[in-house]
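Asker: Sequence:
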Amino acid sequence: MLKIYYNSIKLVWKSVEAWFFVTTTLLIFLSLEPIISISLVNNLVNSVQKMLIAGSKGINLIIVILMIQVILSITTNVIQQTQIFLDNKCQIALEKFLNNRIFKQMTTIPYEQYEDVDYQNHLDRLGINKGNKFLAPIKSFLDILRSTITFILLFVYLYHLNSLISLLFISFVPLICINLIIGKKQFYLHVYQSPNARRMSYLDSLLTSRNTGKELRTFNIGTYFIKSWNKTYDFVNNKVLQLNKNTLLSNILIIILEGLVFLIISLTSVRLVLNRELSFGSFVALAQSTLVLNTTLESISNSITTIYTESFFK
1 MLKIYYNSIK LVWKSVEAWF FVTTTLLIFL SLEPIISISL VNNLVNSVQK
51 MLIAGSKGIN LIIVILMIQV ILSITTNVIQ QTQIFLDNKC QIALEKFLNN
101 RIFKQMTTIP YEQYEDVDYQ NHLDRLGINK GNKFLAPIKS FLDILRSTIT
151 FILLFVYLYH LNSLISLLFI SFVPLICINL IIGKKQFYLH VYQSPNARRM
201 SYLDSLLTSR NTGKELRTFN IGTYFIKSWN KTYDFVNNKV LQLNKNTLLS
251 NILIIILEGL VFLIISLTSV RLVLNRELSF GSFVALAQST LVLNTTLESI
301 SNSITTIYTE SFFK
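When we follow my numbering, the leftmost residue of the sequence shown carries the number 1, and every step to the right adds one.
Each hint should be verified, as a subset may be incorrect.
[Unchecked claim] Distance ranges between label pairs, derived from CB positions:
{"#": "1", "residue 1": "Phe20", "residue 2": "Leu267", "range": "40 to 48 Å"}
{"#": "2", "residue 1": "Ala287", "residue 2": "Phe225", "range": "57 to 65 Å"}
{"#": "3", "residue 1": "Lys227", "residue 2": "Ile170", "range": "48 to 56 Å"}
{"#": "4", "residue 1": "Gln105", "residue 2": "Lys185", "range": "27 to 35 Å"}
{"#": "5", "residue 1": "Ser201", "residue 2": "Met106", "range": "31 to 39 Å"}
{"#": "6", "residue 1": "Gln81", "residue 2": "Ser39", "range": "22 to 30 Å"}
I should point out that these hints are in silico values taken from the structure, not numbers from a laboratory. Being a predicted model, the structure only gives us computed values, none of them experimental. We put the CB at the ideal spot given by N, CA and C, even for glycine.
The task is simple: from the sequences and hints, build the whole structure.
Answerer: So, in structure tokens, the structure goes:
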């Protein structure tokens with residue numbers, strides 16, 4: 001898998017080198033944004049609390065914090081939208097690059113390979129969005145890097161407030177294991193269904209093409225092909241629905257586990273506030289950060305799963 005991943009990076013680097021530099025620069029800011037935002041919330045709540053006690057003193061600091069929050073929010077949204085545009089631009093360029101390589105290969109391979117069913121199934125699995133399929137593992141790796149930096153910064157910042165924050169790992173381990181298992185099953189289902197998908201595509205073309213419409217009516221075989229298409233369609237999608245059902249049940253169990261962990265952390269945080277071991281600002285920051293950390297761990301898990309799953313398609 002590492003060799004495949006290395007070749008993907010090498011290929012993407014060759015076709016869209018500038019995308020790496022810009023994306024990495026934006027990634028650094030996005031990885032720092034959550035910790036900056038949490039710190040601002042902490043200071044804002046504590047400043048408001050002090051102002052309520054001391055009167056109008058401290059209003060200037062509150063205004064400054066609010067202005068910084070607005071600027072941070074605008075900057076983050078602009079960067080995220082810019083990244084989406086750059087990803088789309090990169091994907092289009094990569095799609096063209098990959099298609100040209102495939103076209104050149106198709107003009108040089110032995111004619112016998114056109115009759116190779118496995119080769120045709122593999123080509124069918126590549127399908128459209130080749131650029132996205134090659135770019136997805138790279139984006140996932142960069143997402144892992146960004147999420148890991150964010151997680152480390154937030155974890156270090158919050159651990160001294162409530163050490164039970166480490167309980168989040170309890171839900172992370174089964175989450176990533178389940179995602180990897182499901183990702184592998186999705187690929188093998190895709191491989192298993194490739195011949196059926198090609199059959200559906202062929203039947204669809206027979207039933208909708210103007211060139212074959214006359215023959216279908218002449219020999220009265222349209223009904224047969226319709227039944228054949230429906231049978232294949234139901235077979236393919238029943239397998240997909242069964243996998244989706246298993247995924248749903250697994251996700252529900254993970255969500256319940258995450259909820260229990262969040263409840264434990266919240267209750268202990270309330271106890272710390274009541275014992276005056278935690279300020280109101282720190283309590284709000286801790287509650288918000290717990291959700292951010294949980295989302296970050298989910299992002300890391302999903303990115304690892306994407307890399308693992310997409311590597312099978314190369």
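Asker: Find the hints from earlier in the document that the structure breaks and name them by number, from lowest to highest.
Answerer: 5
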